[in-house]
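Just need the whole structure built from these sequences, with the hints factored in.
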Amino acid sequence: DIQMTQSPSSLSASVGDRVTITCRASQGINNNLAWFQQKPGKAPKSLIYAASSLQSGVPSKFSGSGSGTDFTLTISSLQPEDFATYYCQQYKIYPITFGQGTRLEIK
Amino acid sequence: EVQVVESGGGLVQPGGSLRLSCAASGFTFSDHYMDWVRQAPGKGLEWVGRIRKKANSYTTEYAASVKGRFTISRDDSKNSLYLQMNSLKTEDTAVYYCVRVGSKCDLDHWGQGTLVTVSS
Chain W
3 DIQMTQSPSS LSASVGDRVT ITCRASQGIN NNLAWFQQKP GKAPKSLIYA ASSLQSGVPS
63 KFSGSGSGTD FTLTISSLQP EDFATYYCQQ YKIYPITFGQ GTRLEIK
Chain G
5 EVQVVESGGG LVQPGGSLRL SCAASGFTFS DHYMDWVRQA PGKGLEWVGR IRKKANSYTT
65 EYAASVKGRF TISRDDSKNS LYLQMNSLKT EDTAVYYCVR VGSKCDLDHW GQGTLVTVSS
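Going down the list, the protein sequences come from chains W and G.
Using this note's numbering, the first residue of the first sequence is number 3, and each one after it goes up by one.
Using this note's numbering, the first residue of the second sequence is number 5, and each one after it goes up by one.
It is worth saying that the hints were derived from the structure and are not from the lab.
Ideal Cβ placement from N, Cα and C applies to all residues, glycine included.
Where hints are given, some of them may not hold.
[As the list claims (entries may be wrong)] With a straight-line cut-off of 30 Å between C-alpha atoms, the simulated DSBU-like cross-links for lysine-lysine are:
| # | chain 1 | residue 1 | chain 2 | residue 2 |
| --- | --- | --- | --- | --- |
| 1 | G | Lys-57 | W | Lys-47 |
| 2 | G | Lys-58 | W | Lys-109 |
| 3 | W | Lys-63 | G | Lys-71 |
| 4 | W | Lys-63 | G | Lys-58 |
| 5 | G | Lys-108 | W | Lys-41 |
| 6 | W | Lys-63 | G | Lys-108 |
| 7 | W | Lys-109 | W | Lys-41 |
| 8 | G | Lys-71 | G | Lys-108 |
| 9 | W | Lys-109 | W | Lys-47 |
| 10 | G | Lys-71 | G | Lys-58 |
| 11 | G | Lys-57 | W | Lys-94 |
| 12 | W | Lys-47 | G | Lys-71 |
| 13 | W | Lys-41 | W | Lys-63 |
| 14 | W | Lys-63 | G | Lys-93 |
| 15 | G | Lys-58 | W | Lys-41 |
| 16 | G | Lys-57 | W | Lys-109 |
| 17 | G | Lys-108 | W | Lys-47 |
| 18 | W | Lys-44 | G | Lys-47 |
| 19 | G | Lys-82 | W | Lys-47 |
| 20 | G | Lys-71 | W | Lys-44 |
| 21 | W | Lys-109 | G | Lys-47 |
| 22 | G | Lys-57 | W | Lys-63 |
| 23 | G | Lys-47 | W | Lys-94 |
| 24 | G | Lys-82 | W | Lys-109 |
| 25 | G | Lys-108 | W | Lys-44 |
| 26 | W | Lys-47 | G | Lys-93 |
| 27 | G | Lys-108 | G | Lys-93 |
| 28 | W | Lys-94 | G | Lys-58 |
| 29 | W | Lys-63 | G | Lys-47 |
| 30 | G | Lys-71 | W | Lys-94 |
[As the list claims (entries may be wrong)] Covered by chain W, according to a simulated footprint, are these stretches of chain G (three or more residues, beta-carbon under 8 Å):
| # | stretch |
| --- | --- |
| 31 | 48–61 |
| 32 | 101–108 |
[As the list claims (entries may be wrong)] Just so you have them, the derived chain G footprint on chain W, three or more residues with Cβ under 8 Å:
| # | stretch |
| --- | --- |
| 33 | 11–20 |
| 34 | 94–105 |
Below you can see the structure in the form of C-alpha cells.
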C-alpha cells in the first residue's frame, strides 16, 4: 500500500496568516492527489484534485502543488472558517489511502 | 444539487451484520463510480471500497481490512448504493460516508455519514 505522510500533524496560526501543509507519498503517484477539509462533526469537503485543480466553488485562497511524491497545500489569508483538519489522499493505486491529517488551530 | 444520504447505521453486536444504504439525487447516478469511506471516532479517514458503473461491469475494490466481510452493491434503477457488512468487529465502529467519485477520479461529494457501533 502507498503510505501518505502529512506534516505537520498540527499547526497553530493566526487569522490573516498564510500556511503550508506538506504531504509525502511512499512511492510516486504522478499528480493523483487530492486535498480535503473537515470540520468537527461534519463530512469532509473536497478542495483540490489532480494535485492542483480547485474543486468548483472552492475559493482561490486554497492552492495545491507537487507531483511524484511531494505535495503541498497552501492556504492564504486565513479566516476563522479555515480552521479545520486537512487530509491528503492518493488515488493512483488501490487501495486508496489518506494521510493522517493536519489539524489547523487558531493561535 | 448533488446529494448523497446514508442510512442504516446503528448498534450491532460483534459477529453481527448490518446493511447501509445511500440514496443519491441531483446527478446521473449510473454514470458514476461510488465509494464508501469510514472514520473511527477521533481518527482519520479510511477508504473502505468502490463499485464501478455498468460500463465497467459493476466491478468492486476493497480495503484489505474489510475484504471478504463487506460487499458493495448498487441499484441504478433506485439511485442507491449499499454496503453489506458481515462478521462485524469492534474495530469496524465508525462513521460511514457514501461518496460520489467524480469524472477525474476525485471524491467530489460526500454524504453526512451514518454511525455504526459494534459493541456487546
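Quick one: which hint numbers does this structure break? Sort them smallest to largest. Hint check: 2, 3, 4, 14, 15, 16, 22, 24, 27 and 33 fail, others pass.
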